[in-house]
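Listed below, chain by chain, are the residues.
Protein chains: 2
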Amino acid sequence: MDQLILQRQKYGAGDHIFKEGDEGRLAYVVEEGEVEIFMIIDDHEQVLGTVGKDGIFGEMALIDNQPRMANARATKTTTIICVTRQMFDEKLNRADPFIRGLLKILADNNRDITSKWLMALH
Amino acid sequence: MDQLILQRQKYGAGDHIFKEGDEGRLAYVVEEGEVEIFMIIDDHEQVLGTVGKDGIFGEMALIDNQPRMANARATKTTTIICVTRQMFDEKLNRADPFIRGLLKILADNNRDITSKWLMALH
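Residue numbers (the numbering used here), protein chains in the order written: chain A, 1 to 122; chain B, 1 to 122.
Hints are computed from structural coordinates only; laboratory data are not their basis. Some clues are possibly wrong.
Which copy? The list can't say, so a pair holds if one copy fits it or any two copies do.
[Unchecked claim] Simulated crosslink set (DSBU-like; lysine-lysine; CA at most 35 Å straight-line):
{"no.": "1", "residue 1": "Lys53", "residue 2": "Lys116"}
{"no.": "2", "residue 1": "Lys91", "residue 2": "Lys104"}
{"no.": "3", "residue 1": "Lys91", "residue 2": "Lys53"}
{"no.": "4", "residue 1": "Lys10", "residue 2": "Lys76"}
{"no.": "5", "residue 1": "Lys19", "residue 2": "Lys116"}
{"no.": "6", "residue 1": "Lys116", "residue 2": "Lys91"}
{"no.": "7", "residue 1": "Lys76", "residue 2": "Lys53"}
{"no.": "8", "residue 1": "Lys10", "residue 2": "Lys53"}
{"no.": "9", "residue 1": "Lys116", "residue 2": "Lys104"}
{"no.": "10", "residue 1": "Lys76", "residue 2": "Lys19"}
Only a predicted model underlies this, so the values are computations on that prediction, with no experimental measurement involved.
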């Protein structure tokens with residue numbers, strides 16, 4: 001089972017890991033390197049944050065089945081570990097119901113507030 | 001242990017449950033009724049959402065020790081169940097490390113995007 005979480009991918013500086021609108025199938029943990037999360041707003045890149053060693057990104061797609069909200073790109077040579085939906089669901093099913101509800105609510109709030117923020121920018 | 005989660009509080013329509021800036025010690029589950037979550041922006045109330053039966057709110061304070069970001073108010077007669085930090089920490093400690101990391105990241109993102117949204121409104 002654990003081999004599912006240990007799939008690795010390697011990226012060079014500037015390589016895209018995913019793009020806004022892509023179907024989200026995986027979450028990622030940064031093993032080495034750095035990943036920049038950004039959106040394109042009015043033709044400009046707006047960086048939402050960077051994710052370093054041991055950081056998680058792309059997690060929203062696993063929780064709520066929506067397309068990617070943002071883009072992810074390696075800023076230097078980066079190794080990431082993939083977390084499949086199957087692996088995630090197994091972890092989630094073993095989690096306490098309150099913790100499960102909490103994840104769902106935090107994910108919903110993230111999407112909701114991100115929409116509000118994007119609307120406020122226009 | 002479970003009695004910690006079963007503390008109940010009852011509110012009437014219009015009663016505040018917490019206010020922005022309050023120290024956050026508890027999360028809540030709505031047992032009956034409805035709770036409105038809102039912020040005051042430029043002297044106006046901006047409703048972020050409503051939470052109905054079985055919904056969770058006030059969860060951010062348990063995760064990241066920051067003051068309340070918003071206000072919570074009952075819209076009608078409402079019974080809520082309190083989840084203490086101790087109870088939450090016990091649940092969290094039993095959770096998978098990936099799930100734990102995920103909760104932290106979602107909470108951080110929520111605060112971060114909420115700040116961006118509030119800045120964009122001004």
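We went through each hint and held it up to the structure:
no.: 1; hint: Lys53 to Lys116; result: both (30 Å within a copy, 25 Å between copies)
no.: 2; hint: Lys91 to Lys104; result: both (14 Å within a copy, 16 Å between copies)
no.: 3; hint: Lys91 to Lys53; result: both (21 Å within a copy, 26 Å between copies)
no.: 4; hint: Lys10 to Lys76; result: within (10 Å within a copy, 54 Å between copies)
no.: 5; hint: Lys19 to Lys116; result: both (21 Å within a copy, 21 Å between copies)
no.: 6; hint: Lys116 to Lys91; result: both (31 Å within a copy, 31 Å between copies)
no.: 7; hint: Lys76 to Lys53; result: within (12 Å within a copy, 47 Å between copies)
no.: 8; hint: Lys10 to Lys53; result: within (14 Å within a copy, 45 Å between copies)
no.: 9; hint: Lys116 to Lys104; result: both (18 Å within a copy, 22 Å between copies)
no.: 10; hint: Lys76 to Lys19; result: within (18 Å within a copy, 43 Å between copies)
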